[in-house]
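Q: Chains as they are written, first to last, in this note's numbering: chain A, 1 to 207; chain B, 1 to 318; chain C, 1 to 210.
Mixed in with the good hints there might be a few duds.
[Unchecked claim] Here are some chain C residues the structure puts well away from chain A; computed CB gaps all over 12 Å:
(1) HIS12
(2) LEU17
(3) LEU41
(4) PRO49
(5) THR64
(6) LYS83
(7) ILE112
(8) ASP114
(9) PHE168
(10) LEU190
[Claimed, not checked] Stretch by stretch, here's where chain A covers chain B in the computed footprint (C-beta under 8 Å, at least three residues):
(11) 70 to 80
(12) 100 to 112
(13) 223 to 235
[To be verified] Restraint ranges, calculated between C-beta atoms of paired labels, are given here:
(14) B:GLY124 to A:GLY52: 25 to 33 Å
(15) C:GLY58 to A:ALA56: 31 to 39 Å
(16) C:PRO76 to A:ARG196: 50 to 58 Å
(17) C:ASN57 to A:ALA166: 40 to 48 Å
(18) C:ILE112 to A:ALA166: 52 to 60 Å
(19) C:PHE128 to A:ALA166: 24 to 32 Å
(20) B:ALA69 to A:GLY52: 42 to 50 Å
If you're looking for bench data, these hints aren't it; they were derived computationally from the structure. Every residue, glycine too, gets a C-beta built ideally from N, C-alpha and C.
One-letter residues, chain by chain:
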Amino acid sequence: MNWTFTHIPDIALAIWQHLVLVGVSIAIAFAISLALGIWTARRPRAYAGVLGVTGAIYAVPSLALFALLIPLVGLGRVPAIIGLTAYSLLILVRNVATGLREVPPEIVEAAEGMGFGRAQQLVRIELPLALPVIVAGLRIATVTVIGIATIAAYINAGGLGALVFAGIDQRFAEKIIVGGLLTSLLAIGADFSLSRLELRLRAHRAA
Amino acid sequence: MIRLEAISKRFAPHLRPAVDDLSLDVPEGSICVLIGPSGCGKTTTMRMVNRLIEPTEGRIFVAGEDVMAMDPVALRRRIGYVIQQIGLFPHMSVADNVATVPRLLGWPRAKIETRIDELLHLVGLDPSALRARYPRELSGGQRQRVGVARALAADPPVMLMDEPFGAIDPITRTRLQNEFLKILREIRKTIIFVTHDIDEAIKMGDRIAILRDGRLVQYGTPDEILAQPADAFVEDFVGADRALKRLALVSVKDAMSADIGGEGGPEVAPDTTLRDALSLMLAKGARRARVIEGNGTQLGQLSLDAILARISDAGGPR
Amino acid sequence: MLLDAVRWIVDHPRIFLDALETHLLLSGAALALAIALAAPLGVALTRYPRAAFATINGAGAMRTIPSIAVLAIMLPFLGIGFKPSLVALTILAVPPILINTYVGVRQVDPDIVDSARGMGMTGLQSIFRVELPLAAPVMFAGIRTSAVQVIAGATLAAFIGGGGLGDFITAGIAIMDLPRLLVGAVPIALLAILTEFAFGGLERVMFRRG
Chain A
1 MNWTFTHIPD IALAIWQHLV LVGVSIAIAF AISLALGIWT ARRPRAYAGV LGVTGAIYAV
61 PSLALFALLI PLVGLGRVPA IIGLTAYSLL ILVRNVATGL REVPPEIVEA AEGMGFGRAQ
121 QLVRIELPLA LPVIVAGLRI ATVTVIGIAT IAAYINAGGL GALVFAGIDQ RFAEKIIVGG
181 LLTSLLAIGA DFSLSRLELR LRAHRAA
Chain B
1 MIRLEAISKR FAPHLRPAVD DLSLDVPEGS ICVLIGPSGC GKTTTMRMVN RLIEPTEGRI
61 FVAGEDVMAM DPVALRRRIG YVIQQIGLFP HMSVADNVAT VPRLLGWPRA KIETRIDELL
121 HLVGLDPSAL RARYPRELSG GQRQRVGVAR ALAADPPVML MDEPFGAIDP ITRTRLQNEF
181 LKILREIRKT IIFVTHDIDE AIKMGDRIAI LRDGRLVQYG TPDEILAQPA DAFVEDFVGA
241 DRALKRLALV SVKDAMSADI GGEGGPEVAP DTTLRDALSL MLAKGARRAR VIEGNGTQLG
301 QLSLDAILAR ISDAGGPR
Chain C
1 MLLDAVRWIV DHPRIFLDAL ETHLLLSGAA LALAIALAAP LGVALTRYPR AAFATINGAG
61 AMRTIPSIAV LAIMLPFLGI GFKPSLVALT ILAVPPILIN TYVGVRQVDP DIVDSARGMG
121 MTGLQSIFRV ELPLAAPVMF AGIRTSAVQV IAGATLAAFI GGGGLGDFIT AGIAIMDLPR
181 LLVGAVPIAL LAILTEFAFG GLERVMFRRG
């Protein structure tokens, strides 16, 4: 463990880069998915179409997707963020739409009958009630993206993957283990805290 | 107050209309009950008044204004709306639920707060105990009361109620019906009330509109409907015991004679319905009963003949 | 650029087909091995709740370890080449199948299992004739997840000398030869999408009756 303790700043930098990649991608994907999810929640055919496209993107292996972006935007963080954002869309759109669709119909009817405008109904009634499912989607997407972001290091985006790739090049097992384990811990941490948030939201919204 | 003129609703051109050429006039401050078998169009009709469903033909006027000329959202904020499953917002407290429409209308904070307490009192709930509770912590009856309070919050002149007491057990339902009628004596509202229960219609309605296959079959006071059903369908619908139902609309004090005396017949209170009085007299095998007030004084007598005369009386209850 | 990529393939058919063959072989073998290992284990775990708790949670944690790390960690133990890649991919494919088999069998209505036993089936018969068939849809979803993951993982085998279509991507990035990059990326993408839809179709055919 010698290397680890003498290179904490480098490791910390890698963690930070990783978090930035994940954070920015999820944030952008969330914004897009909110819009798409709201738009397709009540339109089954549009929903199927969006799910088909995002599902196809999700199936493509990350290295290949990043590679396909390189001719368009070069190396570095840009293709990484575009790719990671694209991967998150399927899960997020699906959960936003499902969450909205699961709001009990009598509540929607009561809100409409009481005189909520469409926008207010969404913001004050439907989205708050859909929140647990939406947060579940955020949780799954975040954990997934934390894993995929390791590949982004190969296209010069930095992050914990850089440690792993360095370990491969230098036949240095410690770097591989540290990179892999830290990524895993990050993912487990995100899963745990978002799980707790999800459970609290559910309890508060029980009918 | 509410006027429907030749209202029709077709959901698809090849199906029969859900509502067919319906015209109705609901006077201000009265309860109009829409009733009929499943699929008769009663709920569809009600929901056209606040434009949750748009009429295919005809016009609807609320307080003299054509609803089609108004912004639907603004219209709905002026109409109280209560549905069977209530639809309380689970993520909001009781107070926030009740405050919903006043907030949409932009009332000042202080006014909303007083209003919440006022309304919770009105529906028989203790504000200090229940304000901060959440719907999941309430019983069915309590939720229903909050639902009514929520509908009354912005003091709308008109209310639409779709089987509001339908999902409650019969004992609580009777109590809620009575309390609601009592509330209405204090505040004046024009109400359209949908139900499938003829007894509820007779109890709650000032006028009853019987619908069938989208058409209005009869519109009249409960006594008119019971005494003079328009056709075999209505006669069947109100039940074979309609004569007895009519008796439930009259109380003893309105049918008794003022003579004191009478030998040892059963005692009956002046507010008892003729129906209950008849039941008592039949049980005792008596032909007359003495009408006794709470403090023991006799007010008069009630005879079987007087009761029979009431049933064949074509006039309505006073 | 796409045309340049196609031209390259036409000019070097053997190299391309070898890579494709390796990719498919790695994926298929890893998936088959994973099913052979994970399915019986998943069923067995339903009989031992305490072992199950530890194992299933362990499998869940395993899924958070990035694929590249699993592949890379083979290096000090098995070196480079096909074998370490196969081992790593199998390890990656096991958790979804294991978890889904376990969950699938557990959610079978206990009353049904009870009637099976009551009718005189042995434990093994109950598993094969009743529980597995009922758990099949959930299991299959796990296999489908693993399949897609394995195709992706096989791409990364390039980093430990395992061959496969990933080699073209790494070569392309190394020398900044974009057509070469596409020779790898496009077929992989198509392969992945095809696999996803093929399994999806299979799932529909197998499970949407009754």
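Q: Minimum Cβ separation between LEU41 (chain C) and chain A greater than 12 Å?
A: holds, 22 Å
Q: Does the no-contact call for PRO49 (chain C) survive, Cβ to all of chain A over 12 Å?
A: holds, 22 Å
Q: Would ILE112 (chain C) pass as off the interface with chain A, using Cβ distances and a cut of 12 Å?
A: holds, 28 Å
Q: With respect to the beta-carbon atoms only, verify the hint that ALA69 (chain B) and GLY52 (chain A) lie 42 to 50 Å apart.
A: Given about 44 Å between the Cβ atoms, the range holds.
Q: Please test the hint of 50 to 58 Å on the beta carbon pair from PRO76 (chain C) and ARG196 (chain A).
A: Violated, since PRO76 (chain C) and ARG196 (chain A) (Cβ atoms, about 37 Å apart) do not stay within the stated range.
Q: With d taken as the least Cβ-Cβ distance between ASP114 (chain C) and chain A, does d exceed 12 Å?
A: holds, 32 Å
Q: Mind taking a look at whether chain A covers the stretch 223 to 235 of chain B? Criterion is 3 or more residues with CB to CB distance under 8 Å.
A: Since 0 is below three, the answer is violated.
Q: Between ASN57 (chain C) and ALA166 (chain A), does the beta-carbon spacing fit 40 to 48 Å?
A: violated, 31 Å
Q: How about the stretch 100 to 112 of chain B: do at least three of its residues have a C-beta closer than 8 Å to a C-beta of chain A?
A: Answer holds; 3 residues pass the 8 Å Cβ test.
Q: Just double-check LYS83 (chain C) for me: nearest Cβ-Cβ distance to chain A has to come out over 12 Å.
A: holds, 17 Å
Q: Taking the minimum C-beta separation from HIS12 (chain C) to chain A, is that value above 12 Å?
A: Per Cβ check, HIS12 (chain C) is outside 12 Å of chain A; nearest 18 Å; holds.
Q: Examine the stretch 70 to 80 of chain B: at least three residues should have C-beta closer than 8 Å to a C-beta of chain A.
A: holds (count 7)
Hints 5, 9, 10, 13, 14, 16, 17 and 19 from the list above are not met by this structure, while the remaining hints are.
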